[in-house]
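> Now for the letters of each chain:
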Amino acid sequence: MLAYILRRVLYALPILIGVNLITFALFFVVNTPDDMARMHLGMKRVTPEAIERWKDEHGYNMPLLYNAESGGLDSLTETIFFEKSVKLFAFQFGQSDSGRDIGHDIRQRMWPSLLIALPTLLLGLVVYLSFALLLAFFRGSYIDIGGVVLCIILMSISALFYIIGGQYLVGKMLHLVPISGFDTGWQALKFTILPVLIGVVAAIGSNGRFYRAIFLEELGRDYVRTARAKGTSEPRLMFRHVLKNAMIPVLTNIVVILPLLFMGSLIMESFFGIPGLGSYTIDAIQNQDFAIVRSMVFLGSVLYILGLLLTDISYTLVDPRIRLS
Amino acid sequence: MMPVILWTDALVWLLVAVIVLSGFYMRSKPHLREPWQRVIRSRTGMSALVVLLAFVLIGLLDSLHFREALPDQTQGGEVHYSGEVMSVFDKLVGPLRTRVEKTYSAPFSAWLYMKEMVERPDGSQVLDYPRLEHGAAHLADPVTERDADIARRLGLATLQTLLCMALLGLATAALVARRYRLDLRAALGLSLRGGTALPLPALLLTLTVLIWLLFAAVNLAGAYHVFGTDKVGQDVFYQALKSIRTGLIIGTLTTLIMLPFAVLLGIMAGYFRGWVDDVIQYLYTTLNSIPGVLLIAAAVLMMQVYVDTHPELFETMAERADLRLLFLCIILGVTSWTGLCRMLRGETLKLREMDYIQAATAFGVPNFVVILRHILPNVMHIVLIAVVLDFSGLVLAEAVLSYVGVGVDPTMNSWGNMINRARLEMAREPMVWWSLLAAFIFMFTLVLAANLFSDVVRDAFDPRLREQRG
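Protein chains in written order, with UniProt numbering: chain A, 1 to 325; chain B, 1 to 470.
Calculated from the structure, these hints are not laboratory results. A hint or two may mislead.
[As the list claims (entries may be wrong)] Label pairs and their computed distance ranges (CB to CB):
id	chain 1	residue 1	chain 2	residue 2	range
1	B	F444	A	V177	24 to 32 Å
2	A	T32	B	F314	15 to 23 Å
3	A	R7	B	S22	38 to 46 Å
4	B	E34	A	D283	49 to 57 Å
5	A	R7	B	F272	18 to 26 Å
6	A	R100	B	L92	51 to 59 Å
7	B	V365	A	R236	53 to 61 Å
8	A	I193	B	R152	45 to 53 Å
Glycine is no exception: its CB is placed at the ideal position from the N, C-alpha and C atoms.
All chains, please: the whole structure from these sequences, using the hints.
This is the structure in structure tokens:
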């Protein structure tokens, strides 16, 4: 088992290096640091001195890959590639373009993100599974057809409208919960209600259909026929046999996104003013803070690869057939 | 008049050509023709297709661009062209584009949203809602006359629709009569009962609704701002119509750009295996592990810097916005080919072990020919399903990306931009809701139609689902 995990970790390493190279190429080769400096300083009256000063302040005044001026090992380390890209592997994110410590920001902002994302995931799971189980139980009837049509309709509405509509209806008309904002401690809870609810509702369409398909696939298997032949009642069949077996694809699907929950949701957080990593990223994009975007791209990939790793491991735990391959 | 061929226009027409050609191709292949016939017989599928085609028609009309010649000032001299790029669609809807108010006004309203100093007939000035310059301007007293006027125009639209549908129904019956060798009355009865292979009742019903909407729009939009006006007084209905092209382009061009990568690499990985497979797998796993939105955001940001630091490359505003749209499609395409690639790889791995392919290899048929003749036709259904399924997701993604700030150019009409601008006005009292409504209705209709259609297509083409049905 340990050897297996070790092998998967080693396999993830080249992918991380690839991600790092892609981000480096995207951020420093497509546009030179000079271009970025000009962008930040504005188009008008940019003197070469101002550009040099900006690069100096933000640590971009180095050659990209090879520093010929400094000798020895320094010629490789005193470069943009080493300072800005290689150091990401050690989770040293450095300074943002506005001068803040990115690592510190991330450590602080991932908790509000998790506070929204985790309840959304758990509540959503309960809602989608019960909904899909209901449809699968009444498969082929009008309840099922109506449910599927409803799913398609709900799927066709943009997430933005769920948020805007929810904010308007619950927050502005009924005045039940605050529209947006955040607070520390227990006070934060009342700000999480609306985003969690909307997050769950917005995904009912696609998830309801997805889980229904999984249940229907399980219902077509041989063990279901055997159970029926034994005389198992239909509800017992659904809950004891189908639900249990369907949990394998469901759970492994969820394990992939578990680490990514720290990243939060971009639009959710910015609409509701939650100081998580999602709104951090959006702010960075809108302020064109490349250092933050670069760090978030890398962090997101690391978390995703971690998710894949956890999926592999959970597969071997759930399904013994896979362990040996 | 000087025709202007924007990059996306050229690609859109290329896409139309590709679709027509692949239509002919699929007609000649029984294993692809048969599922399409299933689609044609489906009521939902055909109704959704009619709605989609209506959108496509507007989008195509909006993809023929030109610059109008300025009125000739120097007799016999050189002709100068306006800097404004127009489309055939702009020309068709004519006044909708030019009838601009001062600022916001509600749908069907005769007054501006905000109070202004208005001069009374007696010369005194008061703070009041001024009348609109164009909206309901033909009415002397909008308070009493407006509702009756709207009802009259809608009634007219209904009459026109009935007339139109009567003609269309007769034409259909005549066609059915020829096809099934019946007399006209029997043919009419057959089509209305739904006895034909095409689901004619559903089709005609959808067409009726569409034609009624068309006539209602023609009758009403000439005199009112059907969806109100936005902050700078532009007609929201016009913006929503113009956004159709943007949505369609994002949904289709992205796929067109992604397809060659996905198909070529996917089949190569599955067919050659070995190091080719390793390299391609590494490539898509790496790209796939960067969260989609972040990769798109990073790429668009870099593109923005490039566009901003090289302003000399673009002649007109429209060209700049257009190139940005194209870049967005390319970026979306580059980030989204991985899923299809993986599916094609898996399918090719299975296919290459099949007897007929083993036989072809044993006979010494070159790899290239095996792929083209034996593998490609047998993975076409996967490609088709993926293309149709991706479309609605991409249309929805445009709105979110525009909100995040990495979508289409802010000067370009798109539903995402409409939502984004309207969002800032949510706090106003009374609320400015009409831009949101217009964007919602158009997006919802397009995406719903696309979702329904793609469901029917997938059901018809997916062999696994077909087996389940027995």
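> All hints are to be evaluated individually against the structure, with a verdict given for each.
Going down the list of hints, with the structure as the test:
Evaluation of the 24 to 32 Å hint for F444 of chain B and V177 of chain A yields a pass: the beta carbon distance comes to about 26 Å. For the pair T32 of chain A and F314 of chain B, the supplied restraint of 15 to 23 Å holds, since their beta-carbon distance comes to about 21 Å. Between R7 of chain A and S22 of chain B the Cβ separation comes to about 44 Å, which falls inside the hinted range of 38 to 46 Å. At roughly 53 Å, the beta carbons of E34 of chain B and D283 of chain A sit within the given window of 49 to 57 Å.
Checking the proposed 18 to 26 Å range against R7 of chain A and F272 of chain B shows it holds: the Cβ atoms sit about 25 Å from each other. As the Cβ distance of R100 of chain A to L92 of chain B is approximately 53 Å, the hint placing it in 51 to 59 Å holds. Roughly 56 Å separates the CB atoms of V365 of chain B and R236 of chain A, a value that falls within the hinted 53 to 61 Å. Between I193 of chain A and R152 of chain B the beta carbon distance is about 49 Å. The supplied range of 45 to 53 Å therefore holds.
The structure is consistent with each of the numbered hints, conforming to all of them.
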